[in-house]
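Student: Make a model of the complete structure from these sequences and hints.
In the numbering used here, the protein residues as written are 52 to 225.
For the record, the hints were derived by calculation from the structure and aren't laboratory data.
Beta carbons are placed, not taken as given, at the ideal position from N, Cα and C, and that holds for glycine.
Treat each hint with caution, since some may be false.
For each label pair, taking beta carbons as the anchor points, the in silico distance ranges come out as [as the list claims (entries may be wrong)]: (1) Y207 - K79: 35 to 45 Å; (2) C58 - Q112: 20 to 30 Å; (3) D194 - C58: 30 to 40 Å; (4) L76 - E198: 38 to 48 Å.
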Amino acid sequence: MTSGSGCRTPIQLAAEKGRLEIVKLLLKHGAQVNAPPAPRFGKTALQAAACCESPALDIIQILLEEGAEVNAEPAMEGGLTAIQGAAIQGHVNVALALLKAHARVNDPPAIKYGQTAVEGAAEHGRLDMVKLLLEAGAVGDPDTGFEKAVKVAEKYGHFAVADILREHMQRQAE
Numbered sequence: 052m053t054s055g056s057g058c059r060t061p062i063q064l065a066a067e068k069g070r071l072e073i074v075k076l077l078l079k080h081g082a083q084v085n086a087p088p089a090p091r092f093g094k095t096a097l098q099a100a101a102c103c104e105s106p107a108l109d110i111i112q113i114l115l116e117e118g119a120e121v122n123a124e125p126a127m128e129g130g131l132t133a134i135q136g137a138a139i140q141g142h143v144n145v146a147l148a149l150l151k152a153h154a155r156v157n158d159p160p161a162i163k164y165g166q167t168a169v170e171g172a173a174e175h176g177r178l179d180m181v182k183l184l185l186e187a188g189a190v191g192d193p194d195t196g197f198e199k200a201v202k203v204a205e206k207y208g209h210f211a212v213a214d215i216l217r218e219h220m221q222r223q224a225e
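Tutor: Encoded structure:
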């Protein structure tokens, strides 16, 4: 089964639900670790594992060891990369593991309903995540910097996040 039909594959579902033994079993029996996400709000197994509410680092490590593409493109509508998902959820340990595997912090968002990693972290007030992403080399839009992230942080009352982003933009301008 592939996810092209709009459905999740068994490994994508098992990764999302944090079911380590099922992920191992599926991989043992030839599950496609890089099965593409469904076009609408779909996720690869790694993306699903990175953005679930209670991520399992052991699942993420196994998926990476089995060749999961750390920088797989997001689904066109409502998708996200693994690092974007970890950023939105505020999973710093997941983000660190993904960065160690060379996740790109500046990948573009999904075409529709997407956010960059910094924008997603800012919207949800993930101050530690925003700091981590900036330290990892996140850059804002070439024309507007992190203005979109600042605005979304302020919209949801995350003023400390907005301040950090403004300070970073100011240092970059100097």
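Student: Give a verdict on every hint.
Tutor: To see whether the hints hold, each was checked on the structure:
no.	hint	result
1	Y207 - K79: 35 to 45 Å	43 Å, holds
2	C58 - Q112: 20 to 30 Å	26 Å, holds
3	D194 - C58: 30 to 40 Å	39 Å, holds
4	L76 - E198: 38 to 48 Å	47 Å, holds
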